[in-house]
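Chemist: Sequence:
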Amino acid sequence: MLSILIPVYNINLHPLVSELNAQLIENQIDYEIIIEDDASSDKAIRYHNSLLGEMEHVTYIEHTENLGRSKTRNHLADIAKYPYLIIMDGDARVKKPSYIAHYLHFISEKKDITPEFVVSGGLSYRDDLPEKSKHLRYKYGVKREVRSARERNEHPYSHFTPFNMLITKSVFEKCRFDESLTDYGYEDTFFGFDLEDAEIPLYHIDNELYHDGLDENRDFIAKTEASVRNLDKLYKSGKINDRFIAHSHLLQTWQRFSAERSGRLILRFLRFYKNLLITLMLRYNSLRAMDLYKLVMFDELQR
Numbered sequence: 346m347l348s349i350l351i352p353v354y355n356i357n358l359h360p361l362v363s364e365l366n367a368q369l370i371e372n373q374i375d376y377e378i379i380i381e382d383d384a385s386s387d388k389a390i391r392y393h394n395s396l397l398g399e400m401e402h403v404t405y406i407e408h409t410e411n412l413g414r415s416k417t418r419n420h421l422a423d424i425a426k427y428p429y430l431i432i433m434d435g436d437a438r439v440k441k442p443s444y445i446a447h448y449l450h451f452i453s454e455k456k457d458i459t460p461e462f463v464v465s466g467g468l469s470y471r472d473d474l475p476e477k478s479k480h481l482r483y484k485y486g487v488k489r490e491v492r493s494a495r496e497r498n499e500h501p502y503s504h505f506t507p508f509n510m511l512i513t514k515s516v517f518e519k520c521r522f523d524e525s526l527t528d529y530g531y532e533d534t535f536f537g538f539d540l541e542d543a544e545i546p547l548y549h550i551d552n553e554l555y556h557d558g559l560d561e562n563r564d565f566i567a568k569t570e571a572s573v574r575n576l577d578k579l580y581k582s583g584k585i586n587d588r589f590i591a592h593s594h595l596l597q598t599w600q601r602f603s604a605e606r607s608g609r610l611i612l613r614f615l616r617f618y619k620n621l622l623i624t625l626m627l628r629y630n631s632l633r634a635m636d637l638y639k640l641v642m643f644d645e646l647q648r
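Here the sequence shown stands for residues 346 to 648, where the numbers follow this note's numbering.
Hints in this document: simulated from the structure, not taken from any laboratory.
It cannot be assumed that every hint is accurate.
No farther apart than 30 Å at their CA atoms in a straight line, the calculated lysine-lysine pairs in the DSBU-like style are these [said to hold, decoys possible]: (1) Lys-388 x Lys-456; (2) Lys-581 x Lys-388; (3) Lys-426 x Lys-519; (4) Lys-477 x Lys-584; (5) Lys-477 x Lys-578; (6) Lys-488 x Lys-388; (7) Lys-581 x Lys-639; (8) Lys-578 x Lys-519; (9) Lys-388 x Lys-519; (10) Lys-479 x Lys-519; (11) Lys-456 x Lys-441; (12) Lys-514 x Lys-639; (13) Lys-426 x Lys-477; (14) Lys-440 x Lys-477; (15) Lys-441 x Lys-426; (16) Lys-416 x Lys-568; (17) Lys-477 x Lys-488; (18) Lys-455 x Lys-484; (19) Lys-440 x Lys-455; (20) Lys-441 x Lys-455; (21) Lys-514 x Lys-477; (22) Lys-426 x Lys-440; (23) Lys-440 x Lys-479; (24) Lys-488 x Lys-639; (25) Lys-584 x Lys-568; (26) Lys-455 x Lys-388; (27) Lys-477 x Lys-416; (28) Lys-488 x Lys-578; (29) Lys-568 x Lys-581; (30) Lys-488 x Lys-426; (31) Lys-479 x Lys-584; (32) Lys-568 x Lys-639; (33) Lys-568 x Lys-479; (34) Lys-578 x Lys-568; (35) Lys-426 x Lys-416; (36) Lys-568 x Lys-619; (37) Lys-426 x Lys-479; (38) Lys-484 x Lys-441; (39) Lys-519 x Lys-477; (40) Lys-456 x Lys-581.
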């Protein structure tokens, strides 16, 4: 009945898989757990995760070269044998003992109403602060990513994330993650747009997973820079349309600033303070400084 699909890179999956397996057994359903390692660089973690393949109902697959998140997710969906798929990121951790039961209840309510659907369970962060070197990523997650199901359902496709979702396998015959987007960032956005274009019902419920994979502050800034470079590439390639711009606060702000002389002067002024913006991010975990840094970086790339 249910396939649990977990792409992973350099994350120890034993706590996650053990808890999921216990809940699946408790609910007495047919299931499988498929782990797909996208060529993790940490050989010790890779070996440790491979041992999970010895568990009943668990399949472990290992890539020899990194394929990226889009290809890995699509492949997992292709090889899954059950009609209902739960896809989650490898750095997720179970929050509630009713996690699987909650999704099963949703299936029982919807399966006779619509044969195809997607439901996002959402994400949350632990109440305890992580070590100081991860405060920037933690603050970003709590302030920018965590939303209740009620908030997410106001604009369901704009608030889509595959971090924790239940999806019918048949949806992947119509919508797939764009495998041409191999750089970091925005494949999730385009998948959400594809769901909307295909008129696939998308629901949001409160069935969160913890997001435990917090980057060190400098690593998070590096990932942010990579996402801005990818956005620049997408913008120049013509993949960005008005709907995407309406979804992106960064692009809206940049277009507004670059359209006026005073705005262009502000951008030029901010370019001299890029190092100060980095310091504000690292020392004070300033999300406002991060917004300005992304804006200046994108403007530089456009020029």
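Chemist: For each hint given before, does the structure comply? Return the numbers of the non-compliant ones in rising order.
Modeler: Numbers 1, 2, 4, 5, 6, 9, 10, 12, 13, 18, 21, 26, 27, 30, 31, 37, 39, 40 - these are the hints that the structure violates, sorted from lowest upward.
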